[in-house]
Amino acid sequence: MAELLSGTLDLLVLRVLYAGPLHGFGIGERIHVLSKEALDVEEGSLYPALYRMEAKGWIGSEWGQSERGRRARLYVLTKEGRKRLETERENWKQLSSAIREILENA
Amino acid sequence: MSWIRQFLFKVWGSVGKEGLDAEMSEEVRMHIELLAERNVRNGMSPEEALYAARRRFGGTDQIEEKCRDERRLHWIENFMRDLRFALRGLCRKPGFTVAMMAILAIGIGATSAIVNIGRAIVFPVIPFPEPDRLVIVTDSNEQASPTPYPFFTFSSRFEALRETSKSFAGLGAVRLESMNLVIGDTPAPAQVNWVTDDFLGVLGAVAERGRLFVPGDFKGSSGDVAVLDWVCWQRRFGGDPGIVGKDIFLGGKSRTVVGVLAKAFRSPPFFAPGEIFLPESFSPKSGLWPFRWLQVVGRLRKGIARDTAQAETGMFRFPELKGQDAKPRLVPLPAYYGIGRDNLFWVFLGAVGFLYAIACSNAASLMLTRTVGRRRELGIRLAMGGSRWQIARLLVAESLVLSLTGGAIGLLLSWWSYSAAGPIFNLQFSFDLAALAITLALSVLTCCVVVLVPTLRLQNARLSEVLNEGAGSLGDSRRLGRLRAGFVVVQAALAVALLCGAGMMARSFLRLQKVNLGFDPTNKVGVSGILPENMPQKDYLQLADRMREVLCTLPGVKDATFSVVVPFSGFAMSMVCKIVGRPELKDVTFSYNKVSPEYFSTLGVPILAGRGFEGMKAGDPPVAVINRAAARKYFGDSSPIGQRLDLDKDGKWEIVGVVGDVKEMSRRMEPSPQLYMPLWQPPVSTGLLFELVRMAAEPGPDFEARVRRAAYEVDPRMAVSLSRLTNNADDSIKTERYTMVVLQVLSALALILAMLGIFAVMAFAVAQRQRELGLRMALGAAPADLMRSVLARGMGLAAVGVAVGLGAAWGLTRFLQSVLFETSPHDPTTLVAVAFLLLAVALLACWLPARRAASIDPIQALRME
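In the order they appear, the protein sequences are chains A and B.
All residue numbers for the first sequence refer to our numbering, where the first residue is 13 and numbers rise by one.
All residue numbers for the second sequence refer to our numbering, where the first residue is 308 and numbers rise by one.
Calculated from the structure, these hints are not laboratory results.
For clarity, every value in this text was computed on a predicted model and none was experimentally measured.
Among the hints, erroneous ones may be present.
[What the hints assert, rightly or not] Beta-carbon label-pair distances, calculated as ranges:
id, chain 1, residue 1, chain 2, residue 2, range
1, B, 740, A, 46, 55 to 63 angstroms
2, B, 386, A, 114, 45 to 53 angstroms
3, A, 31, B, 333, 47 to 55 angstroms
From the three backbone atoms N, C-alpha and C, an ideal C-beta is built for every residue, glycine too.
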C-alpha cells in the first residue's frame, strides 16, 4: 500500500468529488478503488483535509441521503473548487513530468 | 473576497460550536458503521468487525479536534474565554469593579464630551446647502474682528449693492419687527422677520406646507401674506393642519398664511430669529432716521471667490453716515458658528485633560494593586505553563470590560452635558456614529493606559520570585511603593492645578457680581414696545407719555420713566458730535440715551452737578446731561456745565448737568462717555418705545399679562415685552457663570478621585506592612507612633503633590487671564486656600488607614503566613 505524497490528497479528493457529491467514507473508498487498491486514505488525514477545504470554500457540505437511505454528510465541489482542481491538476502534471525527467535522465 | 467568507466560516465555527461538534460526531459514527459493514461483508463477525473498524479509524477525539482546528479561529475563542474569565473575576470583586467603572466613566465621559464639543467647534453643522458660498454682508465698524456683528445699515445701501453687484447669485436682507399676534383675544408679541425676495432662497429654505414667497408677494407689499416658522406653527397654532390659507391677526391687520417653513430651517447665527416671515418692500424714503437695522446674507455665484466679491463690493462708498466710512465686508457664514468661545473651549479641554489623567492614573493604580494582590495566582498560572502573553491578555480583557462599561456610562454622562453646552457654544450637537466612535476609541486608549503599568511589571517578574514572595516580604514591593507614591503625587498635583483654576474663576465671578453698576437693578422692570414705522412724532411722544401714566397706575408700581436704552438689554446707541470752543477734540463720541425727566430718580442715578430734566417740556431749548466719565474725559477739571455741544443740523445743546456712570452693556467695561437728552428733543426716533418701571417688589407672575393688556388698550399696534433688570444683569455674566460651574464640577470630581487615590494607596500600604507594623508594636511601639508614621507618609506625598500642583497652576492659570476679571492669575488667596483644601482632604483620606495601622493586633499580624 503506497503512502500518499503530501499535498496530493487535496487533489485526489477534488478529483473524486468532480464526479458528484459523496460522503467521507465514499471518498476514501473511491480513491481506494480508482487507484486499484494501491492507495488507502487514512481517516485521520481525510477528515481534517475535508474540513480545511470546506473552510477555504473549495467544497461545500450538506446533510443528505446516502445510497442506502442513511443520513450522511455529503461533500460537493464548489465553483471555486473546480478552479482549484484545474490549477492543482496543472501543478501535478508539471511536478510529475519534472520528477520523471530526473528519474529517467539523471 | 474568499478570505472574508473563510473568516465568517471560521467565526461561525468558533461561535456555533456545539451544533457543529454534534454533526462531526455523527459523521464519524457513520463512517465507523460503514467500515464495520464492509468488514462484515468480508466475513468478520459483527463484534470483530466493529472492533476492527474502530482500530482502523484511530482516536476519534484526536481526529475531531484536528478537524475543529481547521474550521475555527483560535483567537476569537481565546478572547471569549478571557472575557468570560475576566467577567467571573470582576464579579468576585464587586468593590473594585464598581470603583474602577465609576472612575473610568468620569474620565472617559468628561473627555469624550469635550472632544465632541471640540469636534462641533472645528466642524460645525451648518444647516444650509453649500454653506461655503454663503457670506454675511456687514458694514459694521468692527473692522478688526474676523466675525463682526452681522448688521447692515440703510436699505438704500442694500438696494444699491443688490442692483450693481455681479458677484452674488442672491442677496437677501431681513429686518426684525415685534408685532402683536392676536389669537382668540389675547395679544402676544411675535418676532416678525421682514425679508426681501431672495432671503429665504439664499438660505435654501423649503416649505413644509403651502409655499414660500413668490415675486408677486413683494410688489408694494405691506405684508398681506405670511410664512410661518415650523416652531411658531406648532407652538402658537398647535400644528393646525389647515393653517395654509387661514388669516392671522398680526400687527393690527389681518394677513393670510401661505406656507410653513420646514422644521430644519434656522436663521443664521446672530441673526434675529423670526417666527413669522413677511415680504419686505423697501419704501423709497430711507435714511438715518428712522434707522433701518438690516441683516444681510448673500450667496456667491458659483466659481466666484469671496476675495473677488469683496474687491467688487469694496468699491462702494456710502456718504450717508458721517464719521463712519465703513465699507461693506463679506464674512464667510461658517465663520460665525462656534465663535467667541474658543478661549473657553481650550480652558475646558485642558481641565478635562487633567481630569482624564487623574482618572487614568487612579485606575492604573487600582489595577496595579489588584495585579499585585493576585501575583500568587498569576505566579501559579505561570508555573503551570501559562505564557506571560496569556496572562497579559487576561489583564487586557479585564480592563477592556471595565473601560468599555465605563465608556458606556460616560457616553450617557456626556450626552447629558451637550444639552447644557449647546447654547453656550452656540452650536448644534449631533449624537452620531462619530461621537460613539470617539468614546469607543477613548475607552480602548484608556484600557491600554490602564494595563500598561501592571503588564510591564509582569514582564520583569521572575517566576521563582513571584512564587517565593509571601505577603510580607519586601524587596520588590519597595519599587512598587515608589511607583504608587508617584501616582499619588501626580493625582494630587493635577487636582491642585484644576482647583486653582476653578478657584480663580469663582473669585473673578464674585468680583463681577459685586461690580457697581451705577444703579440698583432690583425691583426694576424694562418694558419695551415696538411700534409701527413712520409714526408721526407727535403721536409717538403722546404714546410714550400715555404709556408711562398707564404703567404708573398698575398695582405695585412706584415709578415709571421713559428710556430708550434698557441697561443690559443688549441694545445701545452711540452718536458723534463736536464741543463748541474745543476744536482740538474734533469728533467726540457718546453712547446716548433719550429719557423722560423721571429717569434719574427712578433708576437711582445720582446727579453730581447741575440739574436733570425736571420741569422741562417739549419746545424748550435743547439740553444734555453727561455722565462723570464724559466730564472727566472731555472737560478734565473744568466744569462742563454751560458748555455746548454742536450737533450740526440738530443745533447746539447746552450741558446742564453731570450724573453718575451707569454700566449699560457689560460689567467688565469701564463706563464709556454717556449723554442723556430729553425724549422730545429732536432728532426723535419713533420705532421703539422703552419704559423703565420701578416697583415695590419684584413683579409677580401676572404682571406681564397686565402690562400687555394695558399696552394693548393704549395702542393695539404696539407689541410689548418685559424684562427684569436683575435678570438682564445676571444674563450678562452667563458665560462666566457657566465656566465657573463647569470648572467647579470638574475640579470637585478631580478632588474626589485624588482623595480615593490617596486612600487606596495608603490602605494598601498599611495592609502590606501589616506584619512589619505588628512586629514594631510587639517591640513596644505605641499605636500613636504607628499612626503618626502612616499619616506622615501620606501627608508627605500629598505635600509634594501640592507643591508640584501649585507650580503647575502658577504656569497654567495665565491661560485663564482673558476670562478673569480683576483677579490675578496668581491670586495668592486662592493658591493658599487650595493648598489647605487638598491637604485637608489628604488627611481625611489617610485617616482610616492610619487608624487601621494603630489598631493592628500584633499577635494576629505575626501569626499571619
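* Between residue 31 (chain A) and residue 333 (chain B), does the beta-carbon spacing fit 47 to 55 angstroms? -> Since the Cβ atoms of residue 31 (chain A) and residue 333 (chain B) sit about 25 angstroms apart, the hinted range of 47 to 55 angstroms is violated.
* To do: For the range 55 to 63 angstroms, tell me whether the beta carbons of residue 740 (chain B) and residue 46 (chain A) fit it or not.
  => This hint holds: roughly 57 angstroms between Cβ atoms.
* For the range 45 to 53 angstroms, tell me whether the beta carbons of residue 386 (chain B) and residue 114 (chain A) fit it or not. => For residue 114 (chain A) against residue 386 (chain B), whose Cβ atoms are near 49 angstroms apart, the range 45 to 53 angstroms holds.
In the structure shown, a violation is registered for the earlier hint numbered 3 alone.
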